[in-house]
Amino acid sequence: MWNKRWQLCFSTDSKIIGIQYGITSMSFLLLGFMLMLLMRWQLAFPGHPLPLLGKLFSDSLMPGGIMIPDFYNMLGAMHGTIMIFLGVVPMGVGAFGNYLVPLMVGSPVAAFPRLNRFGFWLYFLGGLVWLFSFLLPGGAASAGWTSYPPLSILASPGQTWWLVGLLCIAISSQIGAINLLTTALQSALPGMSFSRWPITVWAQSVAAFLLLLAFPPLEIAALLQLMDRLSGSSFFLPSGLIISGTPLTVAGGGNPLLWQHLFWFLAHPEVYVLILPAIGIVAEILVSGTRKPLYGYPTIVRSLLFLGALSFLVWAHHMFLTDMGVKLSGFFQATTMIVSIPSVIVLTSFLLTLWGASIRFTVPMLFALAFLPMFGLGGLTGIPLGLAASDIPLHDTYYVIGHFHYIVAPGTLFALMGGLYYWYPRITGRMMNEAWGKIHFWLSFTSINFVFFPMLLLGLAGVSRRLYDQTIYAHGRAVQPLNLVISMAAWTLAVAQLPFLFNLLTSWKWGKPAPSKNPWGSPTLDWAEMLPPRIVRGAYEEENLNEVTTPRN
Amino acid sequence: MATLLPPDISTQGPAIDHLLLVLHLFMGTIFLGWGGYFLYCLFRFRAKSQGPVERSVKPFSLPKYLELVIFGFELFLLVFLAGPLWAKIRQDFPSEKTAIVIHLIAEQYAWNVQYPGPDGLFGPISPAKITPLNPLGLDRDALGAGDDLVSVNEMHIPVHRPVVVYLSSKDVIHSFFLPVMRVKQDIIPGIGARVWFEATQTGSYEIACAQLCGNGHFRMRGRFIVDTEADFSAWLKSKEPKRNVE
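These protein sequence lines map, in sequence, to chains D and Y.
Residues in the first sequence are numbered from 1 upward in steps of one, following the working numbering.
Residues in the second sequence are numbered from 554 upward in steps of one, following the working numbering.
Some clues are possibly wrong.
Some chain D residues well away from chain Y (every beta-carbon gap over 12 Å; in silico) [stated by the list, open to error]: (1) Ser27; (2) Val164; (3) Gln174; (4) Phe194; (5) Phe265; (6) Phe312; (7) Thr381; (8) Leu443.
Only pairs whose alpha carbons sit at most 30 Å apart, straight line, appear in this in silico DSS-like list of lysine-lysine [as the list claims (entries may be wrong)]: (9) Lys792/Y - Lys327/D; (10) Lys650/Y - Lys792/Y; (11) Lys509/D - Lys15/D; (12) Lys512/D - Lys682/Y; (13) Lys4/D - Lys517/D; (14) Lys512/D - Lys438/D; (15) Lys4/D - Lys15/D; (16) Lys327/D - Lys650/Y; (17) Lys601/Y - Lys682/Y; (18) Lys327/D - Lys438/D; (19) Lys601/Y - Lys438/D; (20) Lys517/D - Lys601/Y.
Treat the hints as calculated values from the structure; they're not laboratory data.
Given the structure is predicted, the values throughout are model-derived calculations rather than measurements.
All C-beta atoms in this analysis are idealised placements derived from N, C-alpha and C, irrespective of residue type, glycine included.
The following block holds chain D by itself, in its conformation from the complex (with noise of 0.2 Å):
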């Protein structure tokens, strides 16, 4: 029995090494999840203490209950990093594309077996190193997600934890996407060509390519911080810096602004890396909840490699403010308006698929309808960020905050989230509880815009994002009111989290039996009936549809 055990912690099969991916990043969501319900009290309630929960802190961290400023950006940088680079990339790529794209290439097994398994422990191990930075004097990583120097350089021990925990991440991340890539271009089945791809094998090829390229120049910059941090170098410290009143004993002479351009240089990309499979998830949905072969396959395919290779163009839209030069400015602005093109197609092409659809409201479905709007709304709302002039008043405040959650949370999350009912009976034989699953698609997603949408208001009243406290300024506590709300729906969605982990759990020993081994009516080959599968039609071909869309119980 303990033997078996053993070999199934360390299994090379994929979908065995997709579900401890699956299982890993949910419980790193969950952490970052709380994280930020820790911030959202002071963010209501700024200098009260926390009722109860707060005297389990050490008062080096919450004296008397009491969150310290130190405490709070920990808290947020790791927030950041726990939800990206180890929550939705990992469920999103590690997860799903381990377990599906094998599947729906036809191959029984990934190309390099032993190379992934190696790719997730070493995820694991740069999961563990963040998780004991919490651990160390100073506590973790306290320098923002985004880690720019020098504040970063000079910031305690947990940084430099947090730079190796990132290399870790990283290096398994592109193992990950060697082996993803390698499978769905040579291990499919004779006659799967790319015409005959679900968006699922595309959507996470792209994203696969984006880790490979996009990964290696933050690798060389973390490296970089690193020796900066502990050998003395001065890659991203300027000569002259004086930190409180003494000057700082380093050679000088580095730039912070090249710290930046590397960091983006992977972030945008990796933003990319977030939707992808998201977009793959809700459209093999949508396919089988719509009963309807997607409208535009091709142009979706087309418009999926566009966003990939555009998707390295437009990095210093970030960094508008960095006294950029008009010309600049001036590419980065029209390369992000560009990029917006392939996004609105791939959109109006879910959108269309709907037009004389027959739709079917279970669970699964209700999420990857809930992605189109929320998705939409995260889109829409980074038009005025990606202008250089409308940027100036929004940079850096809550209405970032609010873009860019509404397309990771109530978009990717949600979409993974409808992913999770979708395949469950592929993965255990059972259904998740139908009525628990409405309840909390319900509850979740009323609750989440009331975190989201109101954060759009703040950062039009000018709130500065990574505020402790933001009544300390006038434009700040007009607005106050509005952070009791968000604070309180984020509670309500924490508690809307319940019913979902429930049943998660226990579907999986009581949940009802699947009625036959294609629930939903499903045409990719994940859901074969035979082994190995044969393949008859290219992707989403009406016929094929229609087949498997006959009720088969």
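Could you slot chain Y onto chain D? The hints should help.
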């Protein structure tokens, strides 16, 4: 929208606010248009049976043109509204002969404001000279430094006069944010930056730091006071260095 934004008292502000309004109307129209279509589809095309799907509705091609319209409008915004506005703010600096020129040196967690004094020359600053009474390390014996005025966390400017501010940072990245002026500029240590603005009404406002700069970031607040010409001169006079104190 105007009630949500902070008060606007600068000459460049109204154009930025107008751009924001145009953008949000555009975004709202798209969102409501698609939202209406979306809800209509959810209602009209809900599954009425579990049987095979009958298809009688023809797809329509309007959205293809809609996509082009959206992109065309984005291009229009960039070329005719946002682009020129950005160029005006970033490039058309007022002449420093007529403008008030100020040096602003940010540090964790204070704004040091340096005025050139009657001679119009900024004295050099050096780290070696920093004392609690001389936070900038201003070398009072150097050329032009004798009459320099230094103010901490309080910046005065006269109304209706263009102001050019040279920004620099002693330690980490800060961001100089004047909400009422629609001015925000990152200050990268070792590089610095320059901004200009002109106030249209007097009053007492705030300087905020908009880039995380450490545990005191949230309280890195300065006072930003727009005076009448007479009040401004009087304030400068009151800040003139008194030699015998040093």
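Agreement of Lys512/D and Lys682/Y with the hint, judged by alpha carbon distance not exceeding 30 Å: 77 Å, violated
12 Å Cβ clearance of Phe194/D from chain Y: 24 Å, holds
Given hint Lys15/D paired with Lys4/D - CA-CA distance at most 30 Å: 16 Å, holds
Within 30 Å, alpha carbon to alpha carbon, are Lys601/Y and Lys438/D? Answer holds: Lys601/Y to Lys438/D is near 19 Å, not above 30 Å.
No chain Y beta carbon within 12 Å of Ser27/D's: Answer for Ser27/D: holds, closest chain Y Cβ roughly 28 Å.
Hey, Lys512/D versus Lys438/D, does the alpha-carbon distance stay inside 30 Å? 16 Å, holds
Pairwise hint evaluation, Lys601/Y against Lys517/D, where the allowed Cα distance is 30 Å at most: Judged against 30 Å, a Cα distance of about 24 Å means the pair holds.
Quick one, are Lys601/Y and Lys682/Y close enough, alpha carbons at most 30 Å? With Cα atoms ~82 Å apart, Lys601/Y and Lys682/Y exceed 30 Å; violated.
Does the no-contact call for Phe265/D survive, Cβ to all of chain Y over 12 Å? Holds, because the least Cβ-Cβ distance between Phe265/D and chain Y comes to about 17 Å, which exceeds 12 Å.
Regarding the pair Lys792/Y and Lys327/D, is the alpha-carbon distance no greater than 30 Å? 41 Å, violated
Hinted pair, alpha-carbon criterion (30 Å max): Lys650/Y, Lys792/Y. Please report holds or violated. Answer holds: Lys650/Y to Lys792/Y is near 22 Å, not above 30 Å.
Keeping to a limit of 30 Å between CA atoms, is the pair of Lys327/D and Lys438/D held or broken? 51 Å, violated
Of the numbered hints given earlier, the model fails hints 7, 9, 12, 17, 18; all others are met.
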